[in-house]
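Asks: Sequence:
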Amino acid sequence: MKNAFLNTVLSTDNGLASLVIRIPAGVIFAAHGAQKLFGSFGGYGLEGTGQWMASIGLEPGYLMALAAGSAEFFGGIALLIGLLTRPAAFVLAVTMLVAIFTVHFANGLFMSNNGYEFGLALLAISIALVISGGGRFSLDRQLSSRV
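For the sequence shown, this note's numbering begins at 60 and goes up steadily by one.
Quick caveat, the hints were computed from the structure, so don't treat them as lab data.
This one's a predicted model, so the numbers in the text were calculated from it and none came from an experiment.
Heads up, a few of these hints could be off.
Stated by the list, open to error - Computed beta-carbon distance windows for the label pairs: (1) A180 with W111: 15 to 25 Å; (2) E118 with G167: 24 to 34 Å; (3) N173 with F100: 43 to 53 Å; (4) S171 with W111: 30 to 40 Å; (5) F196 with N173: 33 to 43 Å; (6) Q110 with V68: 35 to 45 Å; (7) S171 with S204: 45 to 55 Å; (8) V157 with V79: 39 to 49 Å; (9) N62 with L168: 20 to 30 Å; (10) P146 with I82: 31 to 41 Å; (11) E118 with M170: 43 to 53 Å; (12) L75 with Q110: 35 to 45 Å; (13) V79 with G167: 38 to 48 Å.
Glycine is no exception: its CB is placed at the ideal position from the N, C-alpha and C atoms.
Hey, can you work out the whole structure from these sequences and the hints?
Replies: Structural data, given as structure tokens:
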């Protein structure tokens, strides 16, 4: 039973499409997570992000910043290397849903108005990876052949 569960989590096809979407999405998510967690790339770090999240009603702000930053940073790294792609992509999809509906939805579609189009694109990528898995050049593919 344990092997069946692991096989389901790690299963993936042998195609290249997942790689093509995993790498740029992994970079984007990891960079956004680094902004929230560490203040990298012009971000505000946990304190600043936590204060902002609290100001928009996501309480407790510090823990919400830690959760969102960790999901994005560690989920992005998981996508980059293709390890636990499906669960990482699922967590990232939930994170994008929260971002879309708590921050961006009221602003309409377009990014120029702080809308949800970028979040929607990342949500679609995440859902596609939940469905497809990591693809040919992923650690999931390597591990699934051993389970």
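Asks: Compare the structure with each hint and give your call.
Replies: Hints, verified against the model:
A180 and W111 have their C-beta atoms about 22 Å apart, which keeps the hinted 15 to 25 Å range intact. Our hint of 24 to 34 Å for E118 and G167 holds, since their Cβ atoms are close to 26 Å apart. About 18 Å separates the C-beta atoms of N173 and F100, a value inconsistent with the hinted range of 43 to 53 Å. The given range of 30 to 40 Å is broken by S171 and W111, whose C-beta atoms sit roughly 21 Å from each other.
A C-beta distance of roughly 35 Å is found between F196 and N173, which places it inside the suggested range of 33 to 43 Å. A hinted range of 35 to 45 Å for the beta carbons of Q110 and V68 is consistent with their spacing of about 36 Å. With their beta carbons about 46 Å apart, S171 and S204 fall inside the hinted range of 45 to 55 Å. V157 and V79 have their C-beta atoms about 26 Å apart, which leaves the hinted 39 to 49 Å range violated.
Here the CB-CB span from N62 to L168 is close to 44 Å, at odds with the stated 20 to 30 Å. Hint check: P146 to I82, Cβ distance near 18 Å, so the stated range 31 to 41 Å is violated. Distance hint for E118 and M170: a CB-CB separation of about 27 Å, inconsistent with the stated range 43 to 53 Å. A hinted range of 35 to 45 Å for the beta carbons of L75 and Q110 is consistent with their spacing of about 42 Å.
Hint check: V79 to G167, Cβ distance near 29 Å, so the stated range 38 to 48 Å is violated.
Going through the hint list in order, the structure does not satisfy hints 3, 4, 8, 9, 10, 11 and 13.
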